[in-house]
Amino acid sequence: MAMFGDFSSKGGFIANLPKIYGIYTGGFIVFIFLMAILEQMGLSADTIGLLFVGFTIVIYAVIGWLSRTMQLDAYYVAGRQVPPVFNGMATAADWMSGASFVAMAGGIYVGGHPYLAFVVGWTGGYVLVATLMAPYLRKFGCYTVPDFIGTRYGGNFARLCAVIVLVVASFTYVTAQINATGTIASRALLIPFEVGVWVGLAGILLCSMLGGMRAVTWTQVAQYIVLIIAYLVPVIWMSNKQGFGVIPQLVYGDAVQRIAELEQLHQVGVLKPAEAVAGMSALVVKHNAPADTFVANWRFVTLVACMMLGTASLPHILMRYFTTPSVRAARSSVAWSLFFIFLLYFTAPALATFTKLQILDPNLATSVIGKSIADVNALTWVQKWSAVGFLKVMDANGDGIVQINEFFIRADVVVLATPEIAGLPYVISGLVAAGGMAAAMSTADGLLLAIANALSHDLYYKMIDPKADTKRRLIVARVLLIAIGAAGALVASLRLTGILGAVAWAFCFAMSGLFFPLVLGVWWKRANRAGAIAGMIVGLGAGTWYLYAVKWGGMKPWWGMDDLRFGMVGAAASLVAMVVVSLLTPAPDKETQDMVDEIRIPKGETYLGSTH
Amino acid sequence: MSTAVSDREVHWQRTRNLMIVHLVIWFIFAYVVHWFAQDLNKITFLDFPLGFYMAAQGSLIVFVVQLFFFSKQQEKIDRECGMAEDE
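Residue numbers (my numbering), protein chains in the order written: chain A, 68 to 679; chain B, 327 to 413.
It is worth saying that the hints were derived from the structure and are not from the lab. We put the beta carbon where it would ideally sit given N, CA and C, even for glycine.
Reference listing, derived: stretches of chain B covered by chain A, where coverage requires no fewer than 3 residues with Cβ under 8 Å from a Cβ of chain A:
1. 335–341
2. 344–350
3. 354–367
4. 385–396
5. 401–411
I would like the entire structure built from these sequences, with the hints used as guidance.
Following this line, the structure appears as structure tokens:
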């Protein structure tokens, strides 16, 4: 661990990154084997889960402590010295939330093809980030996203609007993440959910409070390594067991086709559940049944569009590209980010497919459908997950056999339960819990920092007290971080939001208010202050109105666009308002136009200079 | 000074064209192929129904590869127009 302490000599630390994280990864793998051995020696499942989650949180906290800083540049943008590949890993961890890790494969398991819109949308958004935004924002040299809006368009009001959109979108998102850390912490550490939320928050704050962006960067890299190992190992293990080889992602086509046969056999889509079970689903949608109507196709592409435009507007992602050493590095870092994200996202459909096969295929020992109800109820994992209300088996027609419409599971727990369904040792379940914790913590960290930085830099320093010295600014930033974290935990402990609903809403809020003001700020010189303000207010307003009207107001959705897709309405309104108002008001002055010219070329110093 | 201005214009022209090319590719793989998923499913690719494959994997691979290309191409434009950063 001594090497982690060497953050002061920058050159040495950066040059040694591959070695440091190599040793870290090796150490983690040794830890997994150690746990496996202890399991064989009779260590209880509960203790293994506790050790996995506890040990990894301690490691992140140590990295956070070693990365502490009192320098503005290090606190806000990690000193702008993060190499593209490592920034890619950090972005991937920042990006992949509890929802990606825990809920995505389960969503595909239950929802089939339409749910793959999330997989496409949450990857393709990076094409927009790379081509339209990241390199230009890096050249601009801002500390926060509202910093760009405030300087490009001028005036505190534009800055304030951007801060408001950022807070609305990020806060919606962060409560879902703290909720996820609370869920996992409560189960792994054997404490009540309401306590788990605060324990999770304490872990999150330990990673970010002392070192800001620098600490978050190096813990996110560590968290990426844990979460990707935790995601890949069970899938590869299961695939090996079923004879699909060690690169399951490439060869599970057979499994998809086999499932189609089994769906015939088990009458998926024909047999409907006799009664609905709250929060849980039986399989009624075929695994591979794409849209066959205009509205269904439209629903698929609008969900893809919302997730993509949201990706390119979420400040906690954009600010990761402020930390690279150059514009060129920012660009290649986006490509690396997507590569690291891709590793998980192209595995999720494979995981969903293998899990479904385990449950449906009567030739496999693990199968459930078509077995006698007594046998199924005797399975340990069925008992365990039924006991906590995440799974339900009922014999609705009383024939003593479990049919497809009699097996209910909560989509959120498919990933967590998969190792047990497949009969893997408990050490794998502990690993998956640690991975889910890493995914939720890393995203929560990025979000909390995005909110606290916007409030401390844009609201406090730029608008309230421009004379504040460095020490004061950094203290304010930390106080805000704790306050916002506490507010997030409070909301999460009230259990107001489900994991995925809140995540999709965050994307829609962000794209409604920020997408066009950001893109047009770079790509359309004529865009001016009045236009940007109109774009942000009208976009956020229209989006929020549509969300309210569809979700609670009883309005019929337009062309099937439900509350997960309200960003379509918000962003369209934002674009129209911004263009019309810009054209009706005078063009920006020469100085602003020259600024846009300057950020369009990589050459030269950042527009805002090194400290501001 | 006039050459500097025109260099900038050429650079921005090429940058913009590159952006458009990549967004066209992006549009096709983000939306168009999935609109026709049902038809594509009649084709088998690597034992997968193609419509499923594109949403679960194909489009994702295109996006990743495309971004590495984009990064290289934009660097070349910056260099040739004299707009690259100093090392």
